[in-house]
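Asks: Sequence:
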Amino acid sequence: MDQTQVIATQRQKPKLLHEGMLYVRHKLSTSKEIKFWRCEFFNSRIVKCRGRLHTDHNNAPLRVLGEHTCSSSAARVERLRIVSNIRKRALNTGEDAATIRAQELMNVSDTVLAAMPSKSATKKLIQRARHEICEAPPVPNELSQLEIPKAYQFYKHSEDNEEQFLLADSGVYKEEGITADQRILVFGRASAAEWCDQMQHIYADGTYDFTAASLEQGDCIGFGTFGGVVNRMVHKQTGREMAVKRIRAHEVVKDVRDKALSELRMIIQSQGCEDIVRFYGALFQNGDCWICMELMDCSLEKMYPLVFACGEHLPQRVVGFVTAAVVRALNYLKQVLNIIHRDVKPSNILLDKRGSVKLCDFGISGYLVNSIAETQDVGCQFYMAPERLTDGKRYDIRSDVWSLGISLVEICIGHFPYVGLNSVFDQFQLVEFVNQCLIKDMEQRPKYAKLMEHPFFRSHNFLANSDAMAEERSFLAAYVQLHLDKKISA
Numbered sequence: 000m001d002q003t004q005v006i007a008t009q010r011q012k013p014k015l016l017h018e019g020m021l022y023v024r025h026k027l028s029t030s031k032e033i034k035f036w037r038c039e040f041f042n043s044r045i046v047k048c049r050g051r052l053h054t055d056h057n058n059a060p061l062r063v064l065g066e067h068t069c070s071s072s073a074a075r076v077e078r079l080r081i082v083s084n085i086r087k088r089a090l091n092t093g094e095d096a097a098t099i100r101a102q103e104l105m106n107v108s109d110t111v112l113a114a115m116p117s118k119s120a121t122k123k124l125i126q127r128a129r130h131e132i133c134e135a136p137p138v139p140n141e142l143s144q145l146e147i148p149k150a151y152q153f154y155k156h157s158e159d160n161e162e163q164f165l166l167a168d169s170g171v172y173k174e175e176g177i178t179a180d181q182r183i184l185v186f187g188r189a190s191a192a193e194w195c196d197q198m199q200h201i202y203a204d205g206t207y208d209f210t211a212a213s214l215e216q217g218d219c220i221g222f223g224t225f226g227g228v229v230n231r232m233v234h235k236q237t238g239r240e241m242a243v244k245r246i247r248a249h250e251v252v253k254d255v256r257d258k259a260l261s262e263l264r265m266i267i268q269s270q271g272c273e274d275i276v277r278f279y280g281a282l283f284q285n286g287d288c289w290i291c292m293e294l295m296d297c298s299l300e301k302m303y304p305l306v307f308a309c310g311e312h313l314p315q316r317v318v319g320f321v322t323a324a325v326v327r328a329l330n331y332l333k334q335v336l337n338i339i340h341r342d343v344k345p346s347n348i349l350l351d352k353r354g355s356v357k358l359c360d361f362g363i364s365g366y367l368v369n370s371i372a373e374t375q376d377v378g379c380q381f382y383m384a385p386e387r388l389t390d391g392k393r394y395d396i397r398s399d400v401w402s403l404g405i406s407l408v409e410i411c412i413g414h415f416p417y418v419g420l421n422s423v424f425d426q427f428q429l430v431e432f433v434n435q436c437l438i439k440d441m442e443q444r445p446k447y448a449k450l451m452e453h454p455f456f457r458s459h460n461f462l463a464n465s466d467a468m469a470e471e472r473s474f475l476a477a478y479v480q481l482h483l484d485k486k487i488s489a
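In terms of numbering that gives the first Met the number 0, the sequence shown is residues 0 to 489.
Accuracy of the hints is not assured; some may be wrong.
[What the hints assert, rightly or not] Below, computed lysine to any residue pairings styled on SDA-like, alpha-carbon distance capped at 25 Å:
#, residue 1, residue 2
1, Lys301, Arg277
2, Lys14, Gln4
3, Lys344, Val430
4, Lys87, Leu15
5, Lys26, Asn57
6, Lys26, Ala469
7, Lys446, Arg393
8, Lys118, Gly93
9, Lys344, Arg264
10, Lys26, Lys344
[Claimed, not checked] Between beta-carbon pairs, the in silico distance windows are:
#, residue 1, residue 2, range
11, Lys446, Ala113, 25 to 31 Å
12, Ile267, Gln4, 24 to 30 Å
13, Leu27, Ala97, 17 to 23 Å
These are computed hints drawn from the structure, not numbers from a lab.
We put the CB at the ideal spot given by N, CA and C, even for glycine.
Could you build all of it, start to finish, from the sequences and the hints given here?
Replies: Right, here's the structure in full:
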C-alpha cells in the first residue's frame, strides 16, 4: 500500500491515508492551492486527536502540523479500502452480492474479517450503490419537463472509459392492468441492463412504476392531518424506502376527501423545490389513497429535545441552515404556486442523515386569492399569528412568517415559548431576524422577499455556493446522526 493515498468512502467523502493514519479534509486555503487535513478522530467523544496535515492540490504531503494523540486501527483502514472496492465492483459488474464479497475478502486476515460488514449488510451496501448511481432525475410534472442533469449523463469508472446513461422509451404497449397509452421511460447506466431490476422506470407522465403489491409495509411513523396513517414502506424491486400516507377515503366525508386530493395536487405541483419533501407517486387501493413520499429520519420537533436532553443547545449554524431552507420553501410556494402553507411548525420541518432539510404536510395549505387567504379554522393555534386568531380578519403569507418565528424560538430555548421565556439567544442577527418574524402588526411584518434580504438569512443561504452547501449539509448530517445515535444508545 502506498505511503499516501486517497481512499473513497460510502458517503463519497474521500479520506487521506498517510503513514498509516486516516485524515479527513477540513478546508482549502484562500488560494485554493493547499488542502488542510485533520485526523478522522479530531472530534471523537473518546479522544480529540490533534493530528494535522497540509497537502498540495494533488494530495502530496507538504507539512505535518500536529502529532497524533490517538492510535488509528490498521484493520479499520483495510476495512475502508475493501468496502470501497466492493462499491466499485458493484457499479462496474453485474455480479451478485455473494460473489463480490467472496472475491474481495480473499486472503484477508481474521482481524480485518471481523471488522467487515455482515453478509446482509454487504448486500444492502451493494444495492444502495447500484441504486444511487442509477437514480432517476427529479420527477417532472409532464414528459416535456424532463431534464437530465449533466452529472447523470456520464459515469466515469476509469480514466479512459466514460459510460453513457441509458434513457429508453418503451413505446406504446398493452398488458393486464395497464392501458395502451402508458409509455414507460427506462433510466439507468447502459451496463445496468444486465440486472434490469436495478434500473429505474418512470411513466411518461412523470410518476414511478410501482403498485401497492410491490411495497413492503413497515412500522407506523406518524399520522396525517385527516386521520390517515403514515407508514414506512420499502419498494421491493429497488430497496427504496419511502413514507406512505394512507388516507381511508371510503370512510371519510366528501369534504375531507376533497382536502386530501387537494393536498395530493399541491405536493405534485411543489416538486420543483428541493427544500420540499419529494413526491414519488400516488396509488388508489381498495378505495384508499396512498401518497408515497421521501422518507426523512426525524422532524425538528423530535430532534431538538434530544439536543437539550444532552445539556446542549442547537448551534446557530444548524438553526441558520434550517431557517434558510424553510424560507426558500415557503417563498417557492408563494411565488411559483401562489400557495400559503398555514401549518409551519417544528413537526412539519424534516431532517435526515444526509444533511437535508425539507418542509412537509400540505394537508391544510390553501391557494391565495389576490395574495389573501380567507379560511380561518385550520392550523395549530399555538403557532397561529394574531391576525388568524381574530374572527373575520383576512391574512396572508406573513402569518406563516409568524409561525416560523415561534418555531425558531421554540427550538432555540428548548420548549414552546409562551411559558417562562428565558432567551438563550446570544447572536444579534438571529435575535433581530426572529423579532422581525414576530411583529404583531401584520402590515409591519416582512414578507419572504424582505426576509431573504436579512443578514441572518443571507449568511446561512448557500444555494448559489455548492461547496458551502455541501459543507453545511455534512455538518448537519453529522449532527443529526450523532443525536439520533444517542437516542438509540439511551
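Asks: If you check each hint against the structure, which ones fail?
Replies: Failing hints, ascending: 10, 11, 12, 13.
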